[in-house]
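Line by line, the protein sequences give chains F and Z. Per the numbering used here, the first sequence starts with residue 1, numbered consecutively. Per the numbering used here, the second sequence starts with residue 179, numbered consecutively.
Treat the hints as calculated values from the structure; they're not laboratory data. Be aware that one or more of the hints could be misleading.
Chain Z regions said to be covered by chain F (calculated; three or more residues, Cβ under 8 Å) [unchecked claim]: (1) 257 to 264; (2) 268 to 276; (3) 282 to 292.
Each residue gets a CB set at the ideal place from its N, CA and C atoms; glycine is no exception.
Number of protein chains: 2
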Amino acid sequence: MIEVEVKASVKDFTDVKKNLIKIGAIKIKNEHQRDVYYNAPHKDFVETDEALRIREIPENGENKVILTYKGAKMDDVSKTRKEIEVEVFDAENMGLILENLDFRSAATVKKDRDIYHLDEFIITLDTVYKVGKFVEIEIEAQENEDTSIPLKKIFETYKKLGIEEGFERRSYLELMEL
Amino acid sequence: MIEVEVKASVKDFTDVKKNLIKIGAIKIKNEHQRDVYYNAPHKDFVETDEALRIREIPENGENKVILTYKGAKMDDVSKTRKEIEVEVFDAENMGLILENLDFRSAATVKKDRDIYHLDEFIITLDTVYKVGKFVEIEIEAQENEDTSIPLKKIFETYKKLGIEEGFERRSYLELMEL
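Build out the structure end to end from the sequences listed, making use of the hints.
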């Protein structure tokens with residue numbers, strides 16, 4: 001699966017939230033996410049622009065845990081990249097397996113995420129601890145699909161939300177390490 | 179967790195099954211297991227004596243999937259080693275993540291396993307496709323525990339089962355590749 005995604009830095013969510021309602025977006029849920037990023041023993045993911053992450057989401061007194069691999073970004077304007085996810089039952093043992101395979105935890109990113117749906121888009125409002133506030137618009141595409149059309153639609157949606165600047169290709173991990 | 183384990187090659191299970199009943203072992207279940215073993219990009223698990231495996235067990239029309247890391251064997255007489263397991267929801271995506279991290283699937287081992295419990299022991303009767311029939315006796319220990327006592331008990335149990343030879347420290351993966 002390819003994740004076609006554009007992120008923008010914003011000062012606050014007040015206008016964005018009004019505009020989301022105006023264009024018909026539906027708020028699905030709010031999540032707290034705790035992401036631990038790992039680096040590889042045989043190459044530096046900072047250089048290869050890949051990412052490996054264990055995400056924990058507290059949900060009904062339990063933790064939902066997702067292991068995610070992200071490939072390198074595929075164009076110069078967005079964060080479009082290959083993404084593979086698998087849900088796992090236990091963050092601690094998943095982390096121990098990665099560490100025994102010589103992967104090293106590089107950083108932890110914590111955020112609160114409001115998730116909206118609008119047609120085929122997922123729109124998220126992220127408050128990232130020690131980094132700032134961001135809007136992300138995302139759509140899934142097939143591996144060999146032309147991503148220029150979904151990308152154009154994403155930027156049109158940003159315009160409707162009143163956002164025409166502040167686009168950010170760096171990950172929260174990179175922004176946190178500045 | 180440390181897996182203290184001894185395996186023995188047998189011609190057939192007839193006498194073993196009789197003796198298992200005689201000493202009070204309880205048959206818990208039968209499983210079909212399909213194990214895909216992976217090798218690492220930064221070292222050769224054949225040399226380091228480690229293992230990384232995705233196990234699929236068909237169960238009630240679904241597949242139970244377990245990712246397992248095994249450390250190097252810790253003594254000269256048994257297969258005692260560190261073992262870390264995590265259940266995952268999807269074997270295909272777990273495999274894709276490993277492959278994108280440059281791990282390579284090395285071999286697939288298929289077997290039918292009868293699982294018995296006897297006190298603190300797990301005793302398994304394995305029919306391994308293209309390899310043969312094996313009895314395994316296993317007990318879990320803590321990471322800093324002296325494993326000589328559980329090992330002694332395991333060999334005493336083998337004696338009660340009428341097995342005093344055929345002990346095998348090589349993995350099914352190694353035996354399959356002979």
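Each hint tested on the structure:
1. Taking a C-beta to C-beta cut-off of 8 Å, the stretch 257 to 264 of chain Z contributes 4 residues in contact with chain F, enough for the three needed, and the coverage statement holds.
2. Remark: the stretch 268 to 276 of chain Z is confirmed as covered by chain F, as 5 of its residues place a Cβ nearer than 8 Å to a Cβ of that chain, reaching the required three.
3. Coverage of the stretch 282 to 292 of chain Z by chain F is violated. Counting CB-CB distances below 8 Å, 0 residues qualify, and the rule asks for three or more.
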